[in-house]
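S.K.: As a plain string of letters, each chain reads:
Number of protein chains: 2
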Amino acid sequence: MPDQRPEQSAEQSPFDLAEGDPFGPYTLPYGVFSTADTPGRRRIGVRFGRHVLDLGALPGALPAVVRAPHAELLAAPTLNPLLAAGRSVWQEVRAAIRAAVTDPAHRTAVTPLLRPLADVTLHLPFEVADYVDFYASEHHATNVGRIFRPNGAALPPNWKHLPIGYHGRSGTIVVTGTPVVRPNGQRKAPDDAAPTFGPSARLDIEAEVGFVVGTPSTLHEPVGLDGFRDHVFGVCLVNDWSARDIQAWEYVPLGPFLGKSFATSVSAWITPLDALDEARTQPPARDFPLLPYLDDSAGEAGGIDLRIEVSINGETVSRPPFSAMYWTAAQQLAHMTVNGASLRTGDLFASGTVSGPEPDQLGCLLELTQGKGPYLQDGDEVTLTAWAPGPDGARIGLGEVVGRVLPAPDLGR
Amino acid sequence: MPDQRPEQSAEQSPFDLAEGDPFGPYTLPYGVFSTADTPGRRRIGVRFGRHVLDLGALPGALPAVVRAPHAELLAAPTLNPLLAAGRSVWQEVRAAIRAAVTDPAHRTAVTPLLRPLADVTLHLPFEVADYVDFYASEHHATNVGRIFRPNGAALPPNWKHLPIGYHGRSGTIVVTGTPVVRPNGQRKAPDDAAPTFGPSARLDIEAEVGFVVGTPSTLHEPVGLDGFRDHVFGVCLVNDWSARDIQAWEYVPLGPFLGKSFATSVSAWITPLDALDEARTQPPARDFPLLPYLDDSAGEAGGIDLRIEVSINGETVSRPPFSAMYWTAAQQLAHMTVNGASLRTGDLFASGTVSGPEPDQLGCLLELTQGKGPYLQDGDEVTLTAWAPGPDGARIGLGEVVGRVLPAPDLGR
Chain A
1 MPDQRPEQSA EQSPFDLAEG DPFGPYTLPY GVFSTADTPG RRRIGVRFGR HVLDLGALPG
61 ALPAVVRAPH AELLAAPTLN PLLAAGRSVW QEVRAAIRAA VTDPAHRTAV TPLLRPLADV
121 TLHLPFEVAD YVDFYASEHH ATNVGRIFRP NGAALPPNWK HLPIGYHGRS GTIVVTGTPV
181 VRPNGQRKAP DDAAPTFGPS ARLDIEAEVG FVVGTPSTLH EPVGLDGFRD HVFGVCLVND
241 WSARDIQAWE YVPLGPFLGK SFATSVSAWI TPLDALDEAR TQPPARDFPL LPYLDDSAGE
301 AGGIDLRIEV SINGETVSRP PFSAMYWTAA QQLAHMTVNG ASLRTGDLFA SGTVSGPEPD
361 QLGCLLELTQ GKGPYLQDGD EVTLTAWAPG PDGARIGLGE VVGRVLPAPD LGR
Chain B
1 MPDQRPEQSA EQSPFDLAEG DPFGPYTLPY GVFSTADTPG RRRIGVRFGR HVLDLGALPG
61 ALPAVVRAPH AELLAAPTLN PLLAAGRSVW QEVRAAIRAA VTDPAHRTAV TPLLRPLADV
121 TLHLPFEVAD YVDFYASEHH ATNVGRIFRP NGAALPPNWK HLPIGYHGRS GTIVVTGTPV
181 VRPNGQRKAP DDAAPTFGPS ARLDIEAEVG FVVGTPSTLH EPVGLDGFRD HVFGVCLVND
241 WSARDIQAWE YVPLGPFLGK SFATSVSAWI TPLDALDEAR TQPPARDFPL LPYLDDSAGE
301 AGGIDLRIEV SINGETVSRP PFSAMYWTAA QQLAHMTVNG ASLRTGDLFA SGTVSGPEPD
361 QLGCLLELTQ GKGPYLQDGD EVTLTAWAPG PDGARIGLGE VVGRVLPAPD LGR
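For the record, the sequence lines run as chains A and B.
At position 287 of the first sequence the residue is numbered 287 (full-length UniProt numbering), and the sequence of numbers has no breaks.
At position 92 of the second sequence the residue is numbered 92 (full-length UniProt numbering), and the sequence of numbers has no breaks.
Just to be clear, a hint being listed does not mean it is correct.
Put simply, identical chains are the same to the list, so a pair is met inside one copy or across any two.
Below, computed lysine to aspartate or glutamate pairings styled on DMTMM-like, alpha-carbon distance capped at 20 Å [unchecked claim]:
(1) LYS160 with ASP277
(2) LYS188 with ASP287
(3) LYS188 with GLU400
(4) LYS188 with ASP16
(5) LYS188 with GLU300
(6) LYS188 with GLU92
(7) LYS160 with GLU400
(8) LYS188 with ASP295
(9) LYS188 with ASP274
(10) LYS372 with ASP226
(11) LYS160 with GLU138
(12) LYS160 with ASP378
It is worth saying that the hints were derived from the structure and are not from the lab.
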């Protein structure tokens, strides 16, 4: 009966997810979107399959499922109020959303709130407070140490005693899809007499996992290992774009600056920490005894079995395993606050480049090419994706991070 | 006639400033205050002598002087909206405030808006976006290099080619008067077999000058040397508290982290850049030719003749001259954005420790004691003050930064 609107009957229901879809009812990551009809109105949404559930409208559609006190949090234009609301609210809201998308009784009410992903524009989902970047992969740190400091020890002496980290630039954190303009800067090869200025010739990626702080902490009160779940809301993917030539010339003695501050891309979706319970795994054995504030030999397993994939122009170049990280996110949080520094809602801390032991598990081109290049060309598009094992064989997805390299501006100097 | 209310006749008028008062009509720095009767209500004020002019009330009191469009900016609870309004607004508002405090015709209207400094509580005057700390004193960098790296060159090879900087923690920037709790952390002497944990035994100060960004910039569009005045609103004093033992163990290879992230104190008053016109001075001669984006040999003199005084428990220990800084704030801003990184309203960048060539001009205890200590003891109170020459022999003051050291918390581990 070809006259009976075959387009509609062929169109899949939003509730019929593809086999293995990493954004099923066990994932439910949060983001911020707008639509073409009201481009200035940012709304919170949850990804479900190939659709976005309009969370701002959910309390009105399902008043018996979403409690009224949460309506204001879900109607905000960023995730920050929800992040600040604390773990018990996160759990309650998540349970309500899961009921909304899984209980057939709600299907009629929920269907109008589901918009195809293709019809929305995604935005940076939260206002970033402080951004800290760690250096937590032993494989990465060893490989980079050998390349940057060929005549010294690969790992600095502090590396296995504390998770090395540094502060990055919050103001240039951009959402997936934002083009990345090749930076200009100073660089100087060892044999050059003086530095020269121009576009970075060694533009690189760093595949990382980011942790988003929800509940703030109090100045002078460290957050211990067991405070991790109370303070961290969720997880995103991060591409910490790096200009290796600029970085190599500038980073001694105070660390990376312009080599990394031009852009840091994050996924549009924040996957709740609670979605990753099944993926918990023991971190690698530690070679040195840890000071008590970092000693996680008892308690919850701090590793996460996240499988990352890095592709450039559609071709997979690496599959870094997050489970191989020496330092866990809980250890990073404990370290970051042990001096009394406080956390704010919207703080983001990233793992550092994720690299595994194998040559096809390295998280940046510096390592993948053993320092020889080639690095990124103008026009290259880099995509990071990741998933973790979930309940019942489900996959738990992290939002993808895509960025395309645009040519450096000609500054005429 | 002792019965005729001698208290009142002895009380000085707010308009009778003491000889040499650095907060006269040429200074007029901005801050945020509250009062005991409405402690939750933060208001913008301008310091005038020993009083604070309530700026939120000024448009109502002097409608012919303060244009209506600016009333909303001045009624805000932080300086951020004023900072974002741009240079022409800053100049117009400043001219109106100067008229308000100098024209006798306005005295009756203005007097009720002047509150004694002793009656107000001062707050962090703006929401800090990104915080960057530079390392711009050749004397400081040389002295520290000799102490931290006795077997290497005092200055790293990049030092005279670019202003070295790094990102710090915005979330732990505190206003003057906030106690500074001694941080706990890891430290390891070279001869120790392993790091130990406990209160820093080498707590230090760093006397610095901070620059507050008003007008934001656009991603991918560098701000050149000549954009400095359009983007920078004003100047404050900064004490970048530093735990030298924690810093020494952690800072290779990615720079300072917990050794500095526990507290950074700033003055409560932001002195407008325009107040420092008379203090402009040529920076020291440069030893190497600079790349064009940093070359300030033509154009406005980039140095500022600010005379800083550091005192501990009331005793002056140093008088660092800001005019001796090798890199200027305009060069720092040009460098920070040359890779395309954007500025946000509320960005703060600090000069790095200000040290001059003489032994009584050093800006931290590490240098003042040649690395041998003693460092700060619990209970010590550190005060930074500074002034610059202004018109007609006037002094232009920066707000003081005071901080008292409290003992480290006992973390029981």
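S.K.: When the structure is checked against the list of hints, which entries are broken? Sort them ascending.
M.R.: 1, 3, 4, 5, 6, 7, 9, 10 and 12
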